[in-house]
Structure formats: structure tokens, C-alpha cells
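From first to last, the protein sequence lines stand for chains Z and B. Its first residue numbered 1, the first sequence is counted upward by one per residue in this note's numbering. Its first residue numbered 1, the second sequence is counted upward by one per residue in this note's numbering.
The hints are simulated quantities; they were obtained by calculation from the structure and are not laboratory data. Check before you lean on any hint, since a few could be wrong.
To be verified - Here are the simulated DSS-like pairs of lysine-lysine, each with C-alpha atoms no more than 30 Å apart in a straight line:
hint	chain 1	residue 1	chain 2	residue 2
1	B	Lys151	B	Lys182
2	B	Lys151	Z	Lys386
3	B	Lys5	B	Lys182
4	Z	Lys22	Z	Lys123
5	B	Lys151	Z	Lys332
6	B	Lys165	Z	Lys386
7	B	Lys182	B	Lys15
8	Z	Lys356	Z	Lys332
9	Z	Lys208	Z	Lys181
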Amino acid sequence: MINLNKEISSVPLPSSFNAQMKRYREKGLKRYSESGLPGKKVEHWMKFDINPLKEIIYKEALESIDKNRPDLHREFTGICERIDIINGFIQDHKGTGYRISTLSSGDDTGRIPELIGSAGDEKGNYFYNLNSSLFSDTILIRVEKDNKKRNPLYISQLMLGKSEPIISNSRIIVEIEEGAKLELIQSFSGKSSSPYLNNSVTEIILHKNARMDHVVLQEDSEEAFVFNNLFVTQGESSEYNLQTLNAGASISRNEYHINLSRKNSSCHVTGLFLGKKNQLHNSDVTIHHNAPACTSRTTTKAIAGGASQGVFRGFAIVNPGAQKSDAIQQFKSILLNDTCQINMEPHLEIWADDVKCSHGATVGQLDQNQLFYLQQRGFTPEDARKVLLEAFAADVAELISIEKVNEIIKAGIYTLMDDLYE
Amino acid sequence: MLNVKNLHASIGENKILKGISLKVNKGEVHAIMGPNGSGKSTFSQVIAGNPAYQVNSGDVLYEGENLLDMQPHLRARAGLFMGFQYPVEIPGVTNIYFLKNSLNAIRVANGLQPLDAYEFNDYLGQKMDEVGISRELTRRAVNSGFSGGEKKRNEILQLLVLNPKLAILDETDSGLDIDALKTVASGVEKFRSQNNGVILVTHYQRLLDFIPPDFVHVLIDGEIVLSGDSKLALELEARGYNWVKEENGSD
Ligand SMILES: Nc1ncnc2c1ncn2[C@@H]1O[C@H](COP(=O)(O)OP(=O)(O)OP(=O)(O)O)[C@@H](O)[C@H]1O
Ligand SMILES: [Mg+2]
Numbered sequence: 001m002i003n004l005n006k007e008i009s010s011v012p013l014p015s016s017f018n019a020q021m022k023r024y025r026e027k028g029l030k031r032y033s034e035s036g037l038p039g040k041k042v043e044h045w046m047k048f049d050i051n052p053l054k055e056i057i058y059k060e061a062l063e064s065i066d067k068n069r070p071d072l073h074r075e076f077t078g079i080c081e082r083i084d085i086i087n088g089f090i091q092d093h094k095g096t097g098y099r100i101s102t103l104s105s106g107d108d109t110g111r112i113p114e115l116i117g118s119a120g121d122e123k124g125n126y127f128y129n130l131n132s133s134l135f136s137d138t139i140l141i142r143v144e145k146d147n148k149k150r151n152p153l154y155i156s157q158l159m160l161g162k163s164e165p166i167i168s169n170s171r172i173i174v175e176i177e178e179g180a181k182l183e184l185i186q187s188f189s190g191k192s193s194s195p196y197l198n199n200s201v202t203e204i205i206l207h208k209n210a211r212m213d214h215v216v217l218q219e220d221s222e223e224a225f226v227f228n229n230l231f232v233t234q235g236e237s238s239e240y241n242l243q244t245l246n247a248g249a250s251i252s253r254n255e256y257h258i259n260l261s262r263k264n265s266s267c268h269v270t271g272l273f274l275g276k277k278n279q280l281h282n283s284d285v286t287i288h289h290n291a292p293a294c295t296s297r298t299t300t301k302a303i304a305g306g307a308s309q310g311v312f313r314g315f316a317i318v319n320p321g322a323q324k325s326d327a328i329q330q331f332k333s334i335l336l337n338d339t340c341q342i343n344m345e346p347h348l349e350i351w352a353d354d355v356k357c358s359h360g361a362t363v364g365q366l367d368q369n370q371l372f373y374l375q376q377r378g379f380t381p382e383d384a385r386k387v388l389l390e391a392f393a394a395d396v397a398e399l400i401s402i403e404k405v406n407e408i409i410k411a412g413i414y415t416l417m418d419d420l421y422e
Numbered sequence: 001m002l003n004v005k006n007l008h009a010s011i012g013e014n015k016i017l018k019g020i021s022l023k024v025n026k027g028e029v030h031a032i033m034g035p036n037g038s039g040k041s042t043f044s045q046v047i048a049g050n051p052a053y054q055v056n057s058g059d060v061l062y063e064g065e066n067l068l069d070m071q072p073h074l075r076a077r078a079g080l081f082m083g084f085q086y087p088v089e090i091p092g093v094t095n096i097y098f099l100k101n102s103l104n105a106i107r108v109a110n111g112l113q114p115l116d117a118y119e120f121n122d123y124l125g126q127k128m129d130e131v132g133i134s135r136e137l138t139r140r141a142v143n144s145g146f147s148g149g150e151k152k153r154n155e156i157l158q159l160l161v162l163n164p165k166l167a168i169l170d171e172t173d174s175g176l177d178i179d180a181l182k183t184v185a186s187g188v189e190k191f192r193s194q195n196n197g198v199i200l201v202t203h204y205q206r207l208l209d210f211i212p213p214d215f216v217h218v219l220i221d222g223e224i225v226l227s228g229d230s231k232l233a234l235e236l237e238a239r240g241y242n243w244v245k246e247e248n249g250s251d
């Protein structure tokens, strides 16, 4: 039983953990016992009330072998290589054509303990600490430069619960060697009659000239609390593109830290939030410009309906020495009624003098003139709204960088958007 | 086809239209002229059903039906078209998508088959040549970043593509260079037929030189104070509006 308000101590250490891993987890436990989860008065957590998830006593999830489990992205079959992580348990990872190892299967050669925490450990807090004190396995995906053509990799993080609330703390590490490329799709979904907490950490290390296209689809059930903690560290001239969709869960949060650690690296982070009912969402994206001539783009689009609430923050931190940094943050949102709420806060923190940084945020409603123009040309009021919302979301939906799945994801996004008005 | 009886309308607290009556039959071209702020666009928008305006009283019959009870898209589907004085920019929606869906929505509502992509392309190509619009413009987002003249040409392209029964063109001739004015005028001339009606809202005689109106109405302060034939437009061009106000003004 795990009570998030109390100190966590009783969770046994998995036998697959060596001394290094053991030390890492002990560090996590210590940090968590000091930090706990944030209260309502802590800066940045005031507008994002996580009390509902703190009040629950969780059971550590058991491996589920439910053969009738929901298959969220069946359409990816045949065009992606797939690995399922169910309730935090990594399923068969062989035969994908990728070089993959896990602690539990004993096929890791010692790289996991070396890499864990190296993509930005010191930057994480709260939920990252929670994961670091409870995780029981780790999967490593290593991509080397070779000329093999591979399908994109798809990691489905699924939670299957019953009447008892469960918690899982998955841990994924991705290492892309010099000049190598990876296309990765990650999804969060689940099914349960009681609430569950999926608290996942993904750490990504891109070496020189590496490139990664990353798509995260969070379409979790109404029972879900989903926390996606992402750490990326980028080598020289590397490129990282992230596109995220947040359309599910009752409480969800993304905490991203991207460290542009060597010169000429670039990242594009694009997020789309589709809020309905009483959903509560928070995304905090921090880009650390730690080397000269790096580029970052953060684009956030939010469409809120029902009584949903979203808090979006972007931090571009340009550290001393990161001259010729180029950072742009753009936030745009549309409120579909007056019960939903969106806060958008771009922040710039600049400690270098020769930089190009800008940010902008707009919160608005659908444009009445545009709606009327469309209707004067024969579009129904519903179609007019749909056309405008799709146009608004197009930056994300139309530009999914993983070509093999972009049409599928686009269609999926537009279907999800259809139920924003209920 | 259109019969407006004693129409009063307002925006918020402001009463703008103060009793307009106007009858348009098939095959007729009516020009509405009048000083800035007199209510010409308000009249056009109210007929098209813009919810930003409130109708306070009066009746409007369109092809025998109570127009004021119809939702804007149903008016459009019943063949009512308004060319906007300020065409609206819709970033993210391509002009060609907009035109095709607009045309097909109207066709289907009238019991016709929708055009498929090939049929539509052929049809559109023909109309574009008629208005002198480049293909490039149809691939761009609706009116987005279009110059003033391009926006007006685009309204005329829509007029020709949709081929409505009644067209209300609100200053489609404003802000055009001489060549563009000719294309717009010839577009309207092509559209004009025995089967449809046209209301031209304009400030200038030069459009009416190309499209001689059957009737000219002078709208001042929310009322039609004077109606006449095409000679009236020439007189207005020469003398302005003050004499009309003095001789016919309500106050
Ligand atoms: N959204 C609005 N809110 C308040 N008043 C408005 C609004 N739109 C128009 N008006 C007012 O209504 C009156 C009529 O405006 P309208 O646009 O119908 O005039 P118009 O005859 O078309 O003028 P123009 O020749 O300049 O196009 C004007 O006094 C105008 O200021
Ligand atoms: Mg006007």
C-alpha cells in the first residue's frame, strides 16, 4: 500500500538492481522523503490542485495478463514496432529490430545504471522523485548509426486496473548515438473501474548529430492521473522534435526539461491540449540553453471545453555563455465557454547578451466574424466551428513529423475534437 | 424575390435601420448608395442573418418565405449571397477547401450531387479564369494576407462559383485598381441574369457605368429617403448627398 502523504519505505528492492541502481533508488527515496508532493501553496502548484490524487491509497500494480485489453492504436500495427508496458511491466521487447534491454530480463550490459539520471536528474522534482523511489524496472532503447531502415518504435503505456487504485512508475531511457535517428511514439491509456496513477519518467540522451522525432499521445481514461516527466539532453548539432497530444485523464501533467547542452543543437516542442468535462491539465516546458547557437521553439495550443482547466508554462532559460541563442515560445488557446479556464505563462530568463528570444500568449474565443462568414457560405454552425477548430489545431495535427503515422494521428485528433462540444 | 417591409434593426443600443422597405424582383439590379455610416452594411448583414445585429421590427420575405426565421446557413443554401465589405481572413483554411465545401453544402441542400475533387477543379479553373485569379491564391488560406483588391476578387470568385439567386454585394468595388474594377464588374455582369437579383452597395458611379442598375436607392441615417432609376446615381455623383437630405430628410 502506498500513501503518497507518508514516507515511502516498505517497497522491496527488485533483485535485478545492482549496487549502482540501489544507490540511485535510495537517493530517490531520500529526496522524496524531503520533498513529498507539493501542497496548494507551493509556487506553480496553486492553480493545479492535485489533492484528489493525494487522498487515495494505491496498491502497487500487478502484472496484468488481460488478453482482452483495449488496443488503443491498432492502426499502428504493421507500420510501427511495438512494445507494451502494462501496469509498469515491460512486455516482450525482442524482435523489434531495435537494440533494447531491460533490467528485469537481465540483458542489459551495464548501460542502464550508467545512464539513469544523466539526462537531467537534478532538474526533476516531486513526481520525478516519486518515480525514482518506486520504479522497479527500466527499459533502454539504444540507437546506433547504421543504414538499416526501421519502422518507427511505438511504446504503449497501458494501465489495467480493477476495483483497487493502482500506481505505476515506468522508467524509459533512450540513447541515440552519434549521427543516428529515432522515431518514437509513446502513448498513455488505460482501463479501470477505480482511479490509477501512471507516473512515468522518460530520459533521452542525444549524442552529436543525432535526431529524434517523438510523438506522445495522452488519451487516458477518465479514471486516470497521468504524470509524464521527460528529460532530454542534447549533444552538438542534434535535433529533437516533440509533438504531444493531451486529450484524456482527469488530472494530467507534463514536466519537460530539455537541455541544449552543446552548440548548434535545436528542439521543437509542440503541444495540443483538448480539454473537456472536469479535466485538469498542466504542462511545464523548460528549455535550458546551455551552449551557444542553439535554437528552441515551444508552441502550445489549447482548446478548452466543458469545465476543463489548463495551466501552461514555458521557461526558456538562456544561461551565461549561450550566445546566439534563438528561443521562441508561442501559446494560443481557445475557450469554448465561460466555465473552462486556461492560463498561459511564457517566461524568459536570459543571462547572455547576444540572443534572439521572444514569446507571446493569446487566450480567446472562436472569432464571430469567421463563424458568420463560413455560415454565409453555407456551412452549418457546427461545421463552421469544426473548420475553425481544426485550423487552429493544424500546427500540431497536420505536422506530425513521423510520416508513417501522421495521417492516422491527424484523423484521431480531429475525431477527438468532435466531442469537445457536448 | 426579396420583399423588405419596414425593417428596423440595431447594434446593441444603437438603432441603425429605421424602417427600410425594398422590393427586388428577378432580373433586377438595385444600387444602394448613401453616406458613410448610413446603415448600408448593416442592411446587408441583417439580410444575411449576422447575429451581431438585432432586428427590432419589420418583415422580410425571400421567395415567399420568412427570411428572418431562417438561420444564416439556410439563407445561404436557399441562394442568398453576401459579398462582404471586409472579407474575413481565415488562417489555416485553404481557399480551395472553403470553396469546395461551400459549393457542395449548397448543392446537396438543393438536391444536387456534390462535385468530386476532379469535377470541382475543372469547374473552379473555369471561374478563376473569368475573374483573373491565380491558382496560387486558391491554395492560400482564405483571404489571409490577401491585398484589398485580391479579397474583393475572391468575393466575386465565390459569387461565380456559388451562383446564388440573390447577391448583395457590399462595396465589392471599393479599393480596386482600374483593371480589378473591370474584372469585378464583368464578374457581376456574367452573374446577372433574368433569373437572379443583385443589390449593389456602392459609393461610386464607375461600377454602375459597367452595370447599369434598374433602381437606385439613397440610404441616409437608416432610411431610404429617395429612389429612382440609374440617372439618380449620376446626379448623386455630381451633387453629393446634402441636397437629398435637405429635400427629403426626415428631420
Ligand atoms: N459593431 C458595431 N458597434 C457599434 N456600432 C456599429 C457597429 N457596426 C456599425 N456600427 C455603426 O452603425 C452605423 C451604420 O454602419 P454601417 O457599417 O451599416 O454603415 P455603412 O453605410 O455601411 O457605411 P460605409 O459607407 O462607411 O461602409 C455606423 O454609425 C456605425 O458606426
Ligand atoms: Mg459599409
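Comparing the hints with the structure gives:
1. Lys151/B to Lys182/B: Distance of about 15 Å is within 30 Å: holds.
2. Lys151/B to Lys386/Z: holds, 23 Å
3. Lys5/B to Lys182/B: Judged against 30 Å, a Cα distance of about 34 Å means the pair is violated.
4. Lys22/Z to Lys123/Z: holds, 20 Å
5. Lys151/B to Lys332/Z: holds, 26 Å
6. Lys165/B to Lys386/Z: Given pair Lys165/B, Lys386/Z holds - Cα atoms ~27 Å apart, limit 30 Å.
7. Lys182/B to Lys15/B: violated, 36 Å
8. Lys356/Z to Lys332/Z: holds, 21 Å
9. Lys208/Z to Lys181/Z: holds, 11 Å
Checked against the numbered hints above, the structure breaks hints 3, 7 and satisfies the rest.
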